[in-house]
Amino acid sequence: MYKKAPDFIIFFVVVTLLCIGVVMVFSSTSISSSQKYDDSFYFLKRQLMWSIVGIGVMIFFMRFDYHQYIKWAPKILLGSIALLILVLIPGIGKSVKGSSRWIDLGPLPPLQVSEIAKVSMVIYMSRFLALKNKEVKNFWKGLVPALFILGIVFALILMEPDLGTAVTIGGTVFVMLLASGARWGHLIGLGSLSIPAVFYMIITAPYRLKRLLSFLDPWKDPLGSGFHIIQSLYALGSGGLFGLGLGRSRQKFFYLPEPGTDFIFSVLGEELGFVGTSTVILLYFVFAWRGLQIALQAEDLFGCLISVGITTMITLQAMVNLAVVSGSMPVTGITLPFISYGGSSLVFMLAGVGILLNVSRFTIN
Amino acid sequence: MIDNNEKRLIPFMLILVAIFLLLIARLYYLQIYQGQRFKELSEGNRTSLRSISAPRGRIYDKNGKVLVSNKLAYTLSIIPEDVEDLDGILEKLNQIMGLDIALAHEKIEKAAKGKTVRLKRNISHEELVLLEENKSELPGVILEETPMREYVYDKLASHVLGYVGEISASELENLSEKGYNVGDIIGKTGLELYYEKYLRGKEGRELVEVNNVREKIRTLGIEEPIAGYDLVLNIDAQLQENVERILAQELDLLTEQAKEDEDIIEPPRGGAVIVTNPYDGSILAMASLPDYNPNLFVGGISQKDWTRLSTDPKKPLLNRAISTSAPSGSIFKIVTGVAGMEELGVKADTEFYDPGYYKTGGVTFRNWSDVGRGKLDFLEAIAWSNNPVFFQLGHQLYKKDRTVLQEYARKFGLGEKTEVDLNNEATGLVPDPEWRRSYFKNNEDKIWYPGYSINLSIGQGNLRTSPIQLVNLVSAVANGGKLYQPLLVDKIVDRDGKLIKDLEPKLLNELSLSKDTLDTIQKGIKAVTTYGTARRTFEDLPITIAGKTGTAQTGKGRPNHGWFAGYAPADNPEIAIVVFIEYGTSSGNTLPIAKEIIKDYFDLDLISEDEGSD
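Protein chains in written order, with UniProt numbering: chain E, 1 to 365; chain L, 1 to 614.
No lab work stands behind these hints, which were simulated from the structure alone. Quantities reported herein were computed from a predicted structural model and do not represent experimental measurements. Glycine included, every Cβ here is placed at the ideal spot set by N, Cα and C. Treat the hints with care, as some may be off.
Straight-line Cα separation of at most 20 Å, EDC-like style, residue types lysine to aspartate or glutamate; simulated pairs [to be verified]:
#1 E:K36 / L:E262
#2 L:K556 / L:E177
#3 L:K7 / E:D300
#4 L:K62 / L:D502
Some chain L residues judged to face chain E by a derived CB distance under 7 Å, without partners named [said to hold, decoys possible]:
#5 I24
#6 Y33
#7 N122
#8 G356
Same shape as in the complex, but just chain E:
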């Protein structure tokens, strides 16, 4: 009953980004992994494997009728909320650098539960907003219940703590609300209500404010909070137009934190120059553009909203990461979709793309 083939452009863009990711993960981690694991291909092998597994998962979901999710959405969301609670229990959640974001699965890569939560949130919100479409303009009946559910997930992720992911989910749900017809006025009003909350968070954890403002003038504290941004700017800047050449990054050796994950784009910029960075940005733009086209042409409101959600989720994360590494916004630990090194996060993100591709098979026109 499918009307057509899936959106070829999105498929192509995502696979291209994955390929760039595999190459860049190798380039940026070969030194550190040969030092740490005595195997310079350590991260490359894993990234390659998870990309292939991810593409398999993407193809699976591409063939799985998205209408099924309407039925399953509440259970999926409850399941992920359970996981979010589990990860907070010491002993189950794996604590790395002070945050517990992962559940250890033995030989498998640890499960980053907030990645599951992101996709399930999009699915659930699409169902909720599609069913309550008439009421979404009503503040109490439409908006407040939706925001209540968002609040639970948001709070659980903040408790890990993982500010970057929490903000991505919040942003995604806001875009979905607007797309389903919620009033801008309501959302802006509610948004301004969160200002005191943000203020409180900053006061209780002063490092956040220091981090928050360091991007404005990283030179004020070059060895402390400004260090990462300065090193990232050095990397991007030394790339120039064409870059130093693949594998030639110097910043990745010693100066850049997390060169394979959060700051992989800086290494890319140093090695491939402005040509490389603008190409990648263009690819994300094409992805976002096509994602919204799918949403516009979806055969029903549920499909439309699920497309908007997944597209926003991935695009927003990419934009935040790019803004962070280019010193345009405060540092939040967030990875670059499809390119940064990642195990379970990569797979769940590709599952999301699979769902998006499935919607594209039902589009009108």
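Chain E is already provided as a structure; the job is to place chain L on it using the hints.
For chain L alone, coordinates are given in the frame of chain E:
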């Protein structure tokens, strides 16, 4: 419905386009417009990340006198990654100031990436001038002021304090995980080594902007180093100084005598004195002679000085107070006496007969005097250090149980480390049948004859003890049977004086001795100085002291070692004291040292002849 959606999504499309355009613009700005500037900065043309050495913790005596501190000295350093022509620069430094190129290469090779490598410490003024004159030809060479160890009173307590030096290749291999790097300063001996992890501190970092010859223009950011923790010692510097002086004077005197007296085969090699508080084992003074000046080591010791110190037959680098391993001689009679009283029921007034020797199984064991004293009681036997009486006790103990005497020796801490807060402490040896079996190859030698126990009973033969063990032994007599871990350090504090660690001495063993035994032994060694072997030395002191001398046979025709172990005042002990003279010929030579130290400590005047006869 679809149309509706289209309208709603239009703002998103616009926002999307806007954000992506902004991102591209930002990257254009960073990579193309500002690219050259960032590139220069990143190539390190304009910045340099330098490490700042942390000052080591200071060492104070118990009264707050600074014994070890830091002064600033110029150090020549280099960050190998920052330098283009490394070989050229090293060559140039070799011409200017004779830098050892091979050594420099070795250091650079082993250094962690991006780290400041210290090539030469304690640059002299002349070298500094030469480097300044040639600095345009030495881009990347860093002249920095770094803290350098200073031993304020030169040789004072040199064995206790120890010295520091640059980390060696083997140390680096063992300690690289603890963040040590090539050229770092590390404690090598003494307290400097034992408390290294407290004294060390934490290195800081400085990001500096530099010019084209890599001179610092300004500091961009700084992470201050954290000074090491300070040590506060139990040592009293004034007492330490006096003890060292008294010991040195006596050793000089004995050396002079040895030159004039042909009977003395050779002069003493050295000596050691320990003064402690018998109630907690805290060490008030610990001297070992000959000594050395630890300041020789701080900027890297010269080959000449090192050869002199390390090949000197008198071994000035050896801390005799803890590393000596020698028979204790008659001091061991305290152990034999205790065992005899506890195991054989000997009392203070038990009568013995001394024919002048002790004979068993065809072997004759002789006294230090050929004339037998005839009848005498146990107290007198201790006071006169009567060998035949203790031979009898030793033999009877052996008959009761072949290892019971050794058990008592171990209860007094012999054959075990005292766990004093210094490395390289001698374990010593309490010989027993088991040891003989495992130590010797020849079957004949594996047998434990009664004669060995008899010899042990007066502290000769294979018994090995150190001054720190004997001061613990005599302290246990003074305090009623408690054996403490002797400690040089009282507490560890930070720069602001906040307590980091309060060192409590461990109770190593508590001997459960009957009151009778304890009283008799205390009386016995008090009698040594009042009417026994050591009476002449101490008779003109206004306080009584308790103690026992010991003469350790060394064999091979060499002079004996001399010992004294005691405490003062005898009835209410404040200090315990051990004196050791290596090849000191006679134990009698230790007595003037003990006397002078006690006189000094209690600030005593001698009783004049008139008053004495009163």
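Results of checking the hints against the structure:
1. For the hint pairing K36 of chain E with E262 of chain L, the CA-to-CA distance comes to about 70 Å; that exceeds 20 Å, so the pair is violated.
2. Between K556 of chain L and E177 of chain L the alpha-carbon distance is near 49 Å, which puts this suggested pair outside the 20 Å criterion.
3. A C-alpha spacing of about 16 Å is found between K7 of chain L and D300 of chain E, which places the hinted pair at or below 20 Å, so the restraint holds.
4. Between K62 of chain L and D502 of chain L the CA atoms are separated by roughly 13 Å; this keeps the pair inside 20 Å, and the hint holds.
5. Interface hint at I24 of chain L: satisfied, since its Cβ lies 6 Å from the closest Cβ of chain E, which is below the 7 Å cut-off.
6. Because the smallest distance between the Cβ of Y33 of chain L and any Cβ of chain E comes to about 9 Å, over 7 Å, the interface hint for this residue is violated.
7. The interface hint given for N122 of chain L is broken, as the beta carbon of that residue sits about 28 Å from the closest beta carbon of chain E, more than 7 Å.
8. Hint status for G356 of chain L relative to chain E: violated, with the closest Cβ pair at about 77 Å, above 7 Å.
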